[in-house]
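Engineer: Read off the chains here:
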Amino acid sequence: MAARLLHWCSILAIAAALSACPVVQEKGSLQGDDVGERAAGEYLIGLTDEAAEERAKSRFAPYGIGEWRRVSEGIYLLRLERDPGIEALQRTAGGTDRVRYIEPNRLYRAQ
Amino acid sequence: MSDPRFPNRWKYGVAMALLLGSAAIFAATPLRGAATQTPTAGIDFVPGELLVKFRYAPETVSAASEFLAEVGARAHKRLGRSGIHRIELPAGSDPRALAQLYAADPRIEYAEPNYIYRATATPNDTDYGNLWGLKNIGQFIASPVYATNNPGIAGYDMNAEEAWDLQRDCRGVVVAVIDTGINYTHQDLAANMWDGSGAGYPNHGWDFVDGDNDPFPSGGNHHGTHVAGTIGAVGNNGSGITGVCWQARLMSLRVLDAGGAGTTVEIVQALDFAIQQGARVVNMSLGGSGASLALSDKIAEARAAGIVVVVAAGNSGSDNDASPSYPCAYPHDNIICVAALDQAYDLANFSNYGAASVDVGAPGTNIKSSVAGPSTGDDFTSGWSLGGGWAQSNPGTYCLSSSLVNPGDFCTNPSATYANNADEVAYKTFDLSASARGIGFSLVHEYYVGGGDSYSIAIKPSGGDPFVGTTPLLTTSGVSLSSFGYDLSTNCQTATCSIGFRLQSDASGSASDYGVRIFNFQINTAVDNASSYTLFNGTSMATPHVAGLAALVWSYNPGYSYRDVIRSVVNSGDIVSSLSGFTTSGRAVDAYQALIHLQPPSGVTAVVR
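Residue numbers (our numbering), protein chains in the order written: chain A, 1 to 111; chain B, 1 to 609.
Bear in mind the hints are in silico, worked out from the structure with no lab data behind them. Bear in mind that the values here come from a model prediction, so they are computed numbers and not experimental data. Heads up, the beta-carbon is just placed ideally off N, CA and C, and yes, glycines get one too. Heads up, some of the hints might be wrong.
As the list claims (entries may be wrong) - Looking from chain A toward chain B, a few residues come up when the C-beta cut is under 8 Å (computed):
(1) Gly46
(2) Ser72
(3) Ile86
Looking at chain A on its own, in the form it has when it is part of the complex (with noise of 0.2 Å):
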């Protein structure tokens, strides 16, 4: 028999708290998120020197830049309008060392 293989107890969870566990998955068959949950197009750009931002801007543009704005020191939001992957934007950002790194924007829940 075909099986649905949600966790039981984290639907209990749910449904007592209102709040998020974090999906279980049947065999093979989610969506390719399960390294986290993260907003879809945007990553956190980290820069050693903020000076280099103009320069760091710059090599995503081919990509679109749909946002681009600082969150904290040395931390900005890339928002693409063509996202290639992280693989890809990293390849990209290799060139430099004033990039220390490059990452999703991580989507986190109530627990």
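Take the given structure of chain A and dock chain B to it, following the hints.
Structural biologist: For chain B alone, coordinates are given in the frame of chain A:
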């Protein structure tokens, strides 16, 4: 052969040693268990005094004089006809140690320190009897949201009343609640909110979701208000509940939306705010499965500012060491990660754990606390327009509550699939025109929607089919069990707000087209001067018990560093078998023990010659 005049002569030497101040051997307080509160809970006693009742009546002169000589009594007085002698001991002696030494002495019925008794700090809040996490007397929690171990076991609690004898006021420590926003007008919270007006923040914090200065839960999400109540609902005000702190300064930093979700960006900004505005404890009852350097760096900045960050372990019932939940899994030493315990101090069945990543346990089931306003549930039995395969389903083998489903036999047949070439809508029109400062809806959905098909949610302020002339709030496919929520205050707070669901499928079916189930549908409101309370479960609910305790400890010991606070909170609690091997400490937090926890000496150097 012993001297018959001194049948306990051997004790003489020991008594002398104790009189010389070797009482440290009694420093450790026995662990509390079910109904086994130790007498050391009221640890205050008159220094240098021992109360003794001799076994033989009338007391023999020899027994009394022997004893008095052994302990080096400076004076003694018989208390009326009680047969009890109050004995003044030499300076520096420890009455507890002597009482224990002579406990089995055949000459003595009992010996004990002259304990000091005070009125126990029991608050008069009307719902206090439901707060088992603070005082567990084995009470049954009515209308529970967690059935296991209800009632639980008396004594399994945070030992709050004993702690409140020492400290109730946490106003010396600002606690930032990074969450869905606090209803700062709630009757049990208004007096305990952080006053940021002097710094330009008149509404007690900041809203990083909407980007304004009002962190009110406009979508009616109750989570942050519930968390805040556990930390610092006004105590002893004759209504509602009390927090771990009776008085507090709660800073509201809204980073999670009406659906309880937020991103790294909002959380990083909230931590910046907390650091800049002087918070010393941060509560983050949230989590996600992806690591972020930005968030990790910001928590390190909080550490540099001396801030304790208390976070939830997560609700997926899994091992955080193997499947990390963040921020719990970050290694920073200013993080306390909290698992949830039930009323018998078993690990809650939803609670994450981790021998290396989760630090302590705290009460996290059937937790009653403040909420933003009234909520109205809907069981889909009336007023719904059901098209195609949509149906209301009573609880069945595969559904534990009334649900809206497609296909109609979702709850009874696990192999059932929805139709191909379907475009089917279910919706209901609600009158949401009644005055509420914040309003939204929340639900839990479980869906299995195959490739080429989609499941959508939409709203429409003018009523009718919400998918006509609107853009859906959500269109998705795949497999998920998650919650969803939406803020209706800006565009659907009308007399005809329709909310609906749509299932569209292509011509080809797949083996995983099991469909959609929606349950726990609620209209949530946030109202001014709210007086609502409800029960929630979650590691989110365990976390604020610990954040409140951190604030209490810091208020009691203002000179502590963040490390001192964390050591006191984490290392002082009760050893709990359900946490052994599942947390770093194996302990459930104990408020009283945390307050009196002795810090190991630091900065001590020795010169070896």
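Engineer: Tell me the numbers of any earlier hints that the structure contravenes, in ascending order.
Structural biologist: 3
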